[in-house]
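Heads up: the sequence lines are chains A and B, in that order. Quick note on the numbering used here: the first sequence kicks off at 166 and runs consecutively. Quick note on the numbering used here: the second sequence kicks off at 238 and runs consecutively.
Everything labelled a hint here was simulated from the structure, so no lab data went into it. C-beta: ideal position from N, C-alpha, C; glycine also. Treat each hint with caution, since some may be false.
Here are a few chain A residues that face chain B, going by a calculated C-beta distance under 8 Å [to be verified]: (1) V187; (2) I190; (3) F211; (4) F235; (5) W254; (6) G276; (7) F307; (8) P331; (9) V334; (10) F337; (11) L338; (12) V348; (13) G349; (14) Q351; (15) F357; (16) A358.
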Amino acid sequence: MHAPFFKFGAFGDEVGLIWAFVLGIGFGFFLERAGFGSAKKLVSQFYLDDLAVFKVMFTAIVTAMLGTFFLSRAGLLDLALVYRTPTFWVPQVVGGLLLGIGFVVGGYCPGTSVASLATGRLDAAAYVSGIVLGTAGFALAFPALRGLFHAGSLGARSLPEALHLPVGVVVFLVVLMAVGGFVGAQALERRFARIHPERS
Amino acid sequence: MSTTLRSVDQPERVAPSDASAEAHASTRVAQPYMDPYLAGIGLGLVLLAAFVIMGRGLGASGAFTAFIAWLAHLAAPAWAQQNEFLAGYLGDGSSHPLKAWLVFEVLGVAVGAFLSGMLAGRLRTTTERGPRASVRARLIAATLGGALMAWGAHLGRGCTSGQALTGGSLLNLGSWIFMMCVFGGAYAVARFLRWQWR
C-alpha cells in the first residue's frame with residue numbers, strides 16, 4: 166500500500182473528513198498534554214523562564230521530518246504528493262511578525278486557542294472571537310492587500326533547494342540545530358530558576 | 238463549598254501568578270503537564286500520520302477562513318464569490334463551505350483538548366492573566382491579539398500549525414522564514430506586554 170493513502174485513492178473525501186476529526190483529536194490531545202491550553206504557559210517562552218513551546222515544537226518538527234524522510238527513502242511515502250504551501254516570502258515575513266506580536270498580545274495561536282477554549286479559558290473565547298473578527302476584516306480589506314499577498318513568489322520551494330544542499334544534509338542540520346536548541350533551553354531555564362527561584 | 242473544601246484539604250498555593258486560575262478551581266488537583274519532549278514526539282507522530290494518511294499536514298487558521306467564507310456567502314453570495322481570498326474556500330458551490338477538512342480537524346482539536354484536560358483535571362472556567370492585569374484588560378488584549386494573529390496567519394498562508402509545524406517538518410522555505418519571524422516578532426514586543434503576564 167502506497168502513501169499518502171488518500172492521494173492513492175484508498176478512500177474518498179467523506180472518509181477524509183473522518184480522518185480530519187480523528188487526527189484533530191490527537192493534535193488537540195497532545196497540545197493540551199503539553200500545557201498549551203494555558204496562555205501563561207505559552208507566553209513563558211517569550212519571557213525565557215519556561216521554554217516548553219520551543220521544545221515541543223522542535224521535537225514535533227524533528228519527529229515528523231525524520232519520519233517523512235525515512236519513509237520516502239524507503240519508497241513507502243511519495244513526498245511529491247504531500248501538499249506544500251508555496252513560498253511568498255514578503256507576506257510571510259510580514260505575517261510572521263504580526264502573528265508573533267499577536268501571540269504575546271493575545272496569549273495564543275489559532276490551534277492552541279481552540280484547545281484552551283475547550284478546557285474553559287474565557288480569554289481563549291475572546292481570542293477566538295478576535296480571530297473571527299480579524300478574518301472578516303482581512304476578507305473585507307483583501308482587495309487592498311492583494312499586492313502584498315502575492316509579493317515575493319518563489320513557488321513551492323524547499324529549504325534544501327534554496328540552500329543548494331542535499332535533503333539528507335538539511336535534515337541532519339535541522340536535527341543538530343534542534344538538539345543544540347534543547348541544550349541551550351535547558352541551560353537558560355536552569356539559569357532563570359537560579360536568578361528568580363520564586364517563579365519556578 | 239468546593240473552594241472551602243479545597244482550602245482545608247490542601248495547602249494554598251502561594252504563587253501570586255496563580256491567583257486567577259485558583260478562583261474557580263475544582264477540588265481536584267490538576268496533574269502536571271507531560272514532559273515537553275514526549276508531548277513533542279506525540280504531536281510529531283500525529284503530524285506524520287496526517288502526511289501518510291492524507292498527504293497534507295495539520296492546520297487551524299484555515300478553519301476560520303472557511304467559517305467566514307460561509308457567513309459571507311450567506312450574507313452576500315455574489316460579493317463572497319468575487320472575493321479572491323474567500324472564493325477558494327467556496328469552491329464551485331457544490332459543497333457546503335463548512336464541509337472542509339480543516340473545519341473537521343479543528344473540531345477534533347477541541348474534542349482532543351477537552352478529553353486531555355478532563356483526564357488531567359485541568360478543566361477550569363477562568364481568565365488566564367498575570368497578577369497585575371485586570372480581567373477586562375486581558376479580555377480586550379486577547380481579542381486584539383486574535384485579530385492581529387488572523388492577519389498574520391492569512392498573510393503568511395498559515396499559522397503555527399500549518400506553517401511552522403507542518404511546513405517546518407516538510408522543510409518548506411517559506412515556512413522557516415515565517416517561523417523565524419514569529420519568534421522575532423514575539424520577542425521584540427514581549428517587554429511591552431509584561432504587565433499582562435508577569
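Consistency of the hints with the structure:
{"no.": "1", "hint": "V187", "result": "holds (7 Å)"}
{"no.": "2", "hint": "I190", "result": "holds (4 Å)"}
{"no.": "3", "hint": "F211", "result": "holds (4 Å)"}
{"no.": "4", "hint": "F235", "result": "violated (10 Å)"}
{"no.": "5", "hint": "W254", "result": "holds (6 Å)"}
{"no.": "6", "hint": "G276", "result": "holds (4 Å)"}
{"no.": "7", "hint": "F307", "result": "holds (4 Å)"}
{"no.": "8", "hint": "P331", "result": "violated (12 Å)"}
{"no.": "9", "hint": "V334", "result": "violated (11 Å)"}
{"no.": "10", "hint": "F337", "result": "violated (12 Å)"}
{"no.": "11", "hint": "L338", "result": "violated (10 Å)"}
{"no.": "12", "hint": "V348", "result": "violated (12 Å)"}
{"no.": "13", "hint": "G349", "result": "violated (14 Å)"}
{"no.": "14", "hint": "Q351", "result": "violated (10 Å)"}
{"no.": "15", "hint": "F357", "result": "violated (12 Å)"}
{"no.": "16", "hint": "A358", "result": "violated (14 Å)"}
In summary, the structure is inconsistent with hints 4, 8, 9, 10, 11, 12, 13, 14, 15 and 16 from the numbered list given earlier, while agreeing with the others.
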